[in-house]
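J.: Protein chains in written order, with our numbering: chain X, 1264 to 2060; chain F, 1291 to 1630.
Read the hints as simulated data drawn from the structure, not as lab findings. Among these hints, one or two may not hold up.
Here are the simulated PhoX-like cross-link-like pairs (lysine-lysine), alpha carbons at most 25 Å apart as the crow flies [as the list claims (entries may be wrong)]:
hint, chain 1, residue 1, chain 2, residue 2
1, X, LYS2051, X, LYS1994
2, F, LYS1470, X, LYS1282
3, X, LYS2051, X, LYS1997
4, X, LYS1756, F, LYS1524
5, X, LYS1461, X, LYS1492
6, F, LYS1349, X, LYS1758
7, F, LYS1366, F, LYS1321
8, F, LYS1470, X, LYS1743
Going by beta-carbon spacing under 7 Å, a handful of chain F positions derived as facing chain X [unchecked claim]:
hint, residue
9, GLU1370
10, PRO1496
11, MET1516
12, ARG1585
13, GLY1588
14, PHE1626
Selected chain F positions facing chain X (in silico; Cβ < 8 Å) [said to hold, decoys possible]:
hint, residue
15, HIS1398
16, GLU1405
17, GLU1406
18, PHE1411
19, SER1413
20, PRO1422
21, ARG1477
22, GLY1507
23, HIS1538
24, PRO1614
25, ASN1615
26, ARG1617
27, LEU1618
28, GLU1621
29, ASP1623
Using N, Cα and C, we set each Cβ at its ideal position, and we do this for glycine too.
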Amino acid sequence: MLLPIKWVKDYVEIDLEIKTLSDGLNLSGSHIESILEVDKGIKNVVVGEILKIEPHPDADKLVICQVNVGEEELQIVTAAKNVFVGAVVPVALVGAVLDEGFKIKKGKLRGVESFGMFCSLAEFGFNDSVIPTDVRDGIYIIKEEAKLGQDIREVLNINDYVLEIEITPNRPDCLSILGMAREIAATFDKKLTLPEIKINNEADKIEDYLTNIKIESANCNRYYTRVIKDVEVKNSPIWLQARLMEAGIRPINNIVDISNYVMLEYGQPLHAFDLDKIENKEIVVRQAKLDEKITTLDDKERQLDENDLIIADSNNPIAIAGVMGGLDTEVTENTKVVLLESANFNGKSIRLTSNKFALRSEASSRYEKDVDAKICKDAADRFCQLVEEVGAGTVIAGSKDIYENPAEETVIELRTEIVNKKLGVNLSKEEIIKYLVGLGLKVEEDKELLVTVPTIRQDLKIEVDLIEEIGRLYGFHNIKPQPLVGELTRGEKPKFRVIEDMSKEILVGLGLDEILTYSFISPKSYDLINAPEDSELRNYATLLNPLGQDYSVMRTTLISNVLEAISRNYNRKVEDVFFYEFGNIFKPTELPVINPPKEKRTLILGGYGNNLDFYKLKEVITILLNRIGIKNIEIERETNNTTFHPGRTAKLSINGEYIGVLGEIHPDVASNYNLKTRVYVAEIDYDIIIDNISLVKTYKELPKYPAMSRDLALVVDEEVMVGEIEAVIRKHGKKLLEDIKLFDVYTGDQIPDGKKSVAYSIRYRASDRTLTDEEVNKIQDKLIEDLKTILNAELRS
Amino acid sequence: MRDKLNQIMEDALNSLVDLTDLSELDDIRVKYLGKKGEITSVLREMGKLSEEERPFMGKFANEVRDKIEENITNLKTELEEKIKFEKLALETIDITMEDKELKLGHRHPLFQTIEELENLFISMGFSVVQGPEVETVANNFDALNSPKNHPARDLSDTFYFNTDLLLRTHTSPVQIRAMKELGAPLRIVSSGRTFRPDAVDDTHSPMFHQLEGLVVGKDINFANLMYTLNVFIKELFGDDIETRYRPHHFPFTEPSAEVDVSCLKCRGKGCSSCNNTGWDMELLGCGMVHPNVLRNCGIDPEEYSGFAFGMGIDRITMIKYGIPNIRLLFENDDRFLEQF
Chain X
1264 MLLPIKWVKD
1274 YVEIDLEIKT
1284 LSDGLNLSGS
1294 HIESILEVDK
1304 GIKNVVVGEI
1314 LKIEPHPDAD
1324 KLVICQVNVG
1334 EEELQIVTAA
1344 KNVFVGAVVP
1354 VALVGAVLDE
1364 GFKIKKGKLR
1374 GVESFGMFCS
1384 LAEFGFNDSV
1394 IPTDVRDGIY
1404 IIKEEAKLGQ
1414 DIREVLNIND
1424 YVLEIEITPN
1434 RPDCLSILGM
1444 AREIAATFDK
1454 KLTLPEIKIN
1464 NEADKIEDYL
1474 TNIKIESANC
1484 NRYYTRVIKD
1494 VEVKNSPIWL
1504 QARLMEAGIR
1514 PINNIVDISN
1524 YVMLEYGQPL
1534 HAFDLDKIEN
1544 KEIVVRQAKL
1554 DEKITTLDDK
1564 ERQLDENDLI
1574 IADSNNPIAI
1584 AGVMGGLDTE
1594 VTENTKVVLL
1604 ESANFNGKSI
1614 RLTSNKFALR
1624 SEASSRYEKD
1634 VDAKICKDAA
1644 DRFCQLVEEV
1654 GAGTVIAGSK
1664 DIYENPAEET
1674 VIELRTEIVN
1684 KKLGVNLSKE
1694 EIIKYLVGLG
1704 LKVEEDKELL
1714 VTVPTIRQDL
1724 KIEVDLIEEI
1734 GRLYGFHNIK
1744 PQPLVGELTR
1754 GEKPKFRVIE
1764 DMSKEILVGL
1774 GLDEILTYSF
1784 ISPKSYDLIN
1794 APEDSELRNY
1804 ATLLNPLGQD
1814 YSVMRTTLIS
1824 NVLEAISRNY
1834 NRKVEDVFFY
1844 EFGNIFKPTE
1854 LPVINPPKEK
1864 RTLILGGYGN
1874 NLDFYKLKEV
1884 ITILLNRIGI
1894 KNIEIERETN
1904 NTTFHPGRTA
1914 KLSINGEYIG
1924 VLGEIHPDVA
1934 SNYNLKTRVY
1944 VAEIDYDIII
1954 DNISLVKTYK
1964 ELPKYPAMSR
1974 DLALVVDEEV
1984 MVGEIEAVIR
1994 KHGKKLLEDI
2004 KLFDVYTGDQ
2014 IPDGKKSVAY
2024 SIRYRASDRT
2034 LTDEEVNKIQ
2044 DKLIEDLKTI
2054 LNAELRS
Chain F
1291 MRDKLNQIME
1301 DALNSLVDLT
1311 DLSELDDIRV
1321 KYLGKKGEIT
1331 SVLREMGKLS
1341 EEERPFMGKF
1351 ANEVRDKIEE
1361 NITNLKTELE
1371 EKIKFEKLAL
1381 ETIDITMEDK
1391 ELKLGHRHPL
1401 FQTIEELENL
1411 FISMGFSVVQ
1421 GPEVETVANN
1431 FDALNSPKNH
1441 PARDLSDTFY
1451 FNTDLLLRTH
1461 TSPVQIRAMK
1471 ELGAPLRIVS
1481 SGRTFRPDAV
1491 DDTHSPMFHQ
1501 LEGLVVGKDI
1511 NFANLMYTLN
1521 VFIKELFGDD
1531 IETRYRPHHF
1541 PFTEPSAEVD
1551 VSCLKCRGKG
1561 CSSCNNTGWD
1571 MELLGCGMVH
1581 PNVLRNCGID
1591 PEEYSGFAFG
1601 MGIDRITMIK
1611 YGIPNIRLLF
1621 ENDDRFLEQF
């Protein structure tokens, strides 16, 4: 919110530098977002009266004015259209400085000398959004009493700072000049003076104007009204306009301006109705009926329902309570009698309705934080006082007030010992009392302190709330930090994180880059990865309120995420990538979801490029899993996964339990992601991995006896997988087999069609003796025999 | 005979001049010093000499042999050195060339930050715990003392699956889980994904990351909170970085504060990126755990107290590495990832 310092000075004495004020407020909990200089360094702009206007001899669009600026008469050439003889206007003299440091120099416009410039409000740094619409275009015409030659900053009252403050949701009381005055008084130990409300001439009786007020909804806590007659709707005086503009609100007319003024001052939204437009002069506060409609002040028809709190007359809605008034009862130039509403509504109801219509007004944003119902009366009366002061109408005597359950003050017991214990300070009882009293709380000394909290501070409910108040007024920065004492604790990571971090290091060591993708994906992803209609992957949890379809369902696989990342890089012409990510997939236990879905830790690998193929991917996985102590991975051909190439895909399992898949992405899927290259992906269930790891390593004696090697070259049918050959070798080699190395696979010349040549180097070793040729030959003979019979292999000579 | 030997020596030494070939050298050795070499054949004629002459001539012949031998050996060493040198020279490679076969991968900068933060806290005796991304309204809001009508609960501020289930909007529900499971005393940190319906722009993303810390024990106070965070921030950003605790409001802590740190660009001197204030705003939120929160987790607030803190890791990562746009963290452009 915007806090004009000049305004707040009406209620609290401030004799501080702006920086001191701002720093102090920051440290007591009012976050100053910026310090605005209202006059923006404006200099040498004075009030002048136009005495004479003559056409410019050489330019149709320019006129030559003679202007009285008090002590002298100046000639000023202008293109402004709204100047007239007798107009009192702001004149920037030669040497003047305007908004953003713009300097005025003596000049010649089409040959005629000009000694200054007339100004509009925008030239003083006011934002277009707060300048009254009738003076937005053209020169600002001063309608007030002003001395010729007087500094314009005095006339407009713009010679102090404005603070932009972030108010936390627990402090709706601070969304007002008086609230901040209270904070400043408490922070700097100054005296707070509240406005003195006095209405001098009240006429008639309110009963003559209003028949009845009824509250029929629990969403309205209080409805306080006053009436003004003989209303003359016109522009507000300039001081009032300037204050509103400084606070970021555009002046409209005196009635609206005063209600806004009081809202800013007290934090209590007010609404003015044209009483003559209210049927039967009756007010009913109730929930809307289904199908009821209202046209609001912005000339839009709004469809209401039972969740909306409205103000109605005998029949029809006349306002959406706390959000926006109705067009029919709007205060206009023709309004003669005004009904002023100063009401208190339930914050949640206002919030829901304002959200529903996407209508956030100054009023609704205050109501939704729950305003203190006690201030309705003061605010309305202050409105009447100002109406009288600016001559906007005559205040009718009396008020109507429906207030059935008045808010009560809370009494909190406060233990001084606990204050010091929680903050880590050593404050005396007197100091504590001083801070609380400074905030306007009443303190009684019993065995402990009994603190009475005014209704305006609804955020203070229990002891710690008071401790916070004491802490922030004492200043957190004045608390001396103290190390934690007590038992030493050992910090550690859970096992799965240790494994995961270790796995990441291995993958990075193998050249993979880590990516980071969203947990929610588009349901269309499942079509893109070619998941069958009945695939389990399609059992996903769907968000009620996603940020668009692309982020609407919780992923049940990381494949689409990695393909998207790959695709983005491919389209950006990155030559090759090899990615990994550890992320959760979300498996619902029922659909639609009732219970939290199972979150399973999943590792995805994926990439493309010259250095990547099925075998490289497989090697990475094998190295990774071996390194974290998983030696028994089973790899079998997978032909049924529709996301993958049927001939280039394998499934992985441990002890028969499926843990994932690895292979080349099906060309159809690749093409769905605009990938015109071979893409390799593996997805592994890391929860199962974690259950199976063994990080224990035991030393095995280094070999004492020499190894014996044999080469083996075979010709087999092309369909035979090397894994089958190796299984036979292993079966016979048993304990003596130390290593099998496949060093050549060949098809082509000298090999019959449909066959391939496979060559191995096999190494044998015994741990307790030197092997003999005979021993090894015996094994070799047997396994060759088996290879011939089982796999139809032939020895290659 | 002496003349003969002198002649042999002269011939032999002459033949070594300009000689470059090792095998020729060997031939020369055989020719002069071999079993059938010239010196041997001269020596064979020793018998013809007189008794007196023989020892002198023998000595002289040996001298000649040694001289030739010495010269041959020296030349041989010289030649071998030369050949070795030439061979090495021939093997000279272009050391500016590179083989790009070996390649290290890269950790995502965000995870590097998370690990660094976690390790700092582990060294301070905190244990790492983790919680799920899909949370209950009870854990994410209710137990954290969030008022029933708090705007953060709105559909516009929280992703929901149904009225009870949501994507956690902060890592704070992990506090609830940890306190319920582990009880007091407790020192934990937890980091992870968090979600809010913010459209993607330079500084916002519907998914972002937080790190949360919690200490519960007897007599834990606000001064302890300040000490702990000060140590952490100085470890992370440097000893010259100051902290500023501004009172703030969070439903789950009371008192609550926001922590500003000295602007990391100008180290507190004041520059354009900190609006000349010298401060980087709102790096962390923190406070003393609200007694209602302790009570909701079965911990007696009269017996125990605690403090909690939370911070946005995406922002810290961006500050740390000078990343100007949060989108870069989620785009996974390899040219970005390879920089870290």
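J.: All the hints need checking, so say for each whether the structure fits it.
T.: Hint-by-hint comparison with the structure:
1. X:LYS2051 / X:LYS1994: The given pair, whose Cα atoms are some 15 Å apart, holds under the 25 Å limit.
2. F:LYS1470 / X:LYS1282: violated, 46 Å
3. X:LYS2051 / X:LYS1997: Holds - the C-alpha atoms of LYS1997 (chain X) and LYS2051 (chain X) are around 19 Å apart, at most 25 Å.
4. X:LYS1756 / F:LYS1524: holds, 23 Å
5. X:LYS1461 / X:LYS1492: Within the cut-off at roughly 18 Å; holds.
6. F:LYS1349 / X:LYS1758: Violated, at roughly 87 Å.
7. F:LYS1366 / F:LYS1321: Roughly 16 Å separates the two Cα atoms, so the pair holds.
8. F:LYS1470 / X:LYS1743: The given pair, whose Cα atoms are some 31 Å apart, is violated under the 25 Å limit.
9. GLU1370: violated, 36 Å
10. PRO1496: Given a least distance of 5 Å, the restraint on PRO1496 (chain F) holds.
11. MET1516: holds, 4 Å
12. ARG1585: Interface hint status for ARG1585 (chain F): violated (11 Å vs cutoff 7 Å).
13. GLY1588: violated, 19 Å
14. PHE1626: Cβ of PHE1626 (chain F) sits 10 Å from chain X, so the hint is violated.
15. HIS1398: This interface hint holds because 4 Å falls under the 8 Å limit.
16. GLU1405: holds, 7 Å
17. GLU1406: Hint on GLU1406 (chain F): violated, closest Cβ of chain X at ~12 Å, above 8 Å.
18. PHE1411: Holds, about 7 Å.
19. SER1413: holds, 7 Å
20. PRO1422: holds, 5 Å
21. ARG1477: Constraint on ARG1477 (chain F) satisfied, holds at 5 Å.
22. GLY1507: OK, holds: GLY1507 (chain F) within 8 Å of chain X, min 6 Å.
23. HIS1538: holds, 6 Å
24. PRO1614: With Cβ-Cβ at 17 Å, over 8 Å, it is violated.
25. ASN1615: Status violated, d = 14 Å.
26. ARG1617: Check failed: Cβ of ARG1617 (chain F) comes no nearer than 12 Å to chain X, outside 8 Å.
27. LEU1618: Where the cut-off is 8 Å and the nearest Cβ of chain X is about 11 Å from LEU1618 (chain F), the hint is violated.
28. GLU1621: Hint holds; GLU1621 (chain F) Cβ to chain X Cβ min 7 Å, cut 8 Å.
29. ASP1623: holds, 6 Å
Checked against the numbered hints given earlier, the structure breaks hints 2, 6, 8, 9, 12, 13, 14, 17, 24, 25, 26 and 27 and satisfies all the rest.
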